[in-house]
Amino acid sequence: MSFTTRGFSGRRRQPETRLPPGQTLVEKWPVLSAGPTPVVDTADWELTIQDETGTDHRWNWDELIALGVEDITVDIHCVTHWSKLGMAWRGVSLDKLFEHVGSRHQYVMAHSHGGYTTNLPLEDLLGGKAWIAIEAEGRPLHPEHGGPARLLVPHLYFWKSAKWIRGLTMMPGNDPGFWERYGYHIHGDPWQEQRYR
Numbered sequence: 001m002s003f004t005t006r007g008f009s010g011r012r013r014q015p016e017t018r019l020p021p022g023q024t025l026v027e028k029w030p031v032l033s034a035g036p037t038p039v040v041d042t043a044d045w046e047l048t049i050q051d052e053t054g055t056d057h058r059w060n061w062d063e064l065i066a067l068g069v070e071d072i073t074v075d076i077h078c079v080t081h082w083s084k085l086g087m088a089w090r091g092v093s094l095d096k097l098f099e100h101v102g103s104r105h106q107y108v109m110a111h112s113h114g115g116y117t118t119n120l121p122l123e124d125l126l127g128g129k130a131w132i133a134i135e136a137e138g139r140p141l142h143p144e145h146g147g148p149a150r151l152l153v154p155h156l157y158f159w160k161s162a163k164w165i166r167g168l169t170m171m172p173g174n175d176p177g178f179w180e181r182y183g184y185h186i187h188g189d190p191w192q193e194q195r196y197r
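FYI, the UniProt record's numbering numbers position 153 of the sequence shown as 153, with every residue one higher than the one before it.
None of these hints come from the bench; they were simulated from the model. For each residue, glycine too, the CB sits at the ideal point set by N, CA and C. Don't take every hint at face value.
[Stated by the list, open to error] Each pair of labels, with its calculated beta carbon distance range: (1) V26 to G54: 39 to 45 Å; (2) A66 to V26: 32 to 38 Å; (3) V101 to P30: 29 to 35 Å; (4) V31 to A88: 17 to 23 Å.
Throw the hints in and build the complete structure from the sequences for me.
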């Protein structure tokens, strides 16, 4: 015997969306760059983290890989309104790099080959939130997508995942990088639609 009125089924739970507000799902990975595409051979590649004392901590390609490459599956969101879900990446966690770098500064400027920069709070790079990515979708990163290595910070808009990464500089304050000086938001959280100032 049923104790509910026919047709009454209550409210269905809505599926959780993985698309932040204002985003459109894409299947292909669009190529967007500020400036020409540099081509850097892994034999010449080096990553430098400069701490608050001005000391440079350096890793060449083999030293980076030796820290331990892990598989990552994340969604990415571009400020130009596209999102790509469930992307497979491989990279080295920033946590492993910062084990070797001591700093009381709470901000970082990322530097790319070609002169591009973007600023990030250190807390957005640690705790399993960011990587130096070397592969995407089962292949080494193509230069147009930032290869041989790019920063991967998937919880922020993708301009924060600097292509062609070559260094990080610790900073006492949150100084703006390239796009931030041109009016992009200082932080860039896609769930808050922090696109522009």
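Hint by hint, here is what the structure shows:
1. V26 to G54: 39 to 45 Å: holds, 42 Å
2. A66 to V26: 32 to 38 Å: holds, 35 Å
3. V101 to P30: 29 to 35 Å: At roughly 33 Å between Cβ atoms, P30 and V101 fall inside 29 to 35 Å, so the hint holds.
4. V31 to A88: 17 to 23 Å: This hint holds: roughly 18 Å between Cβ atoms.
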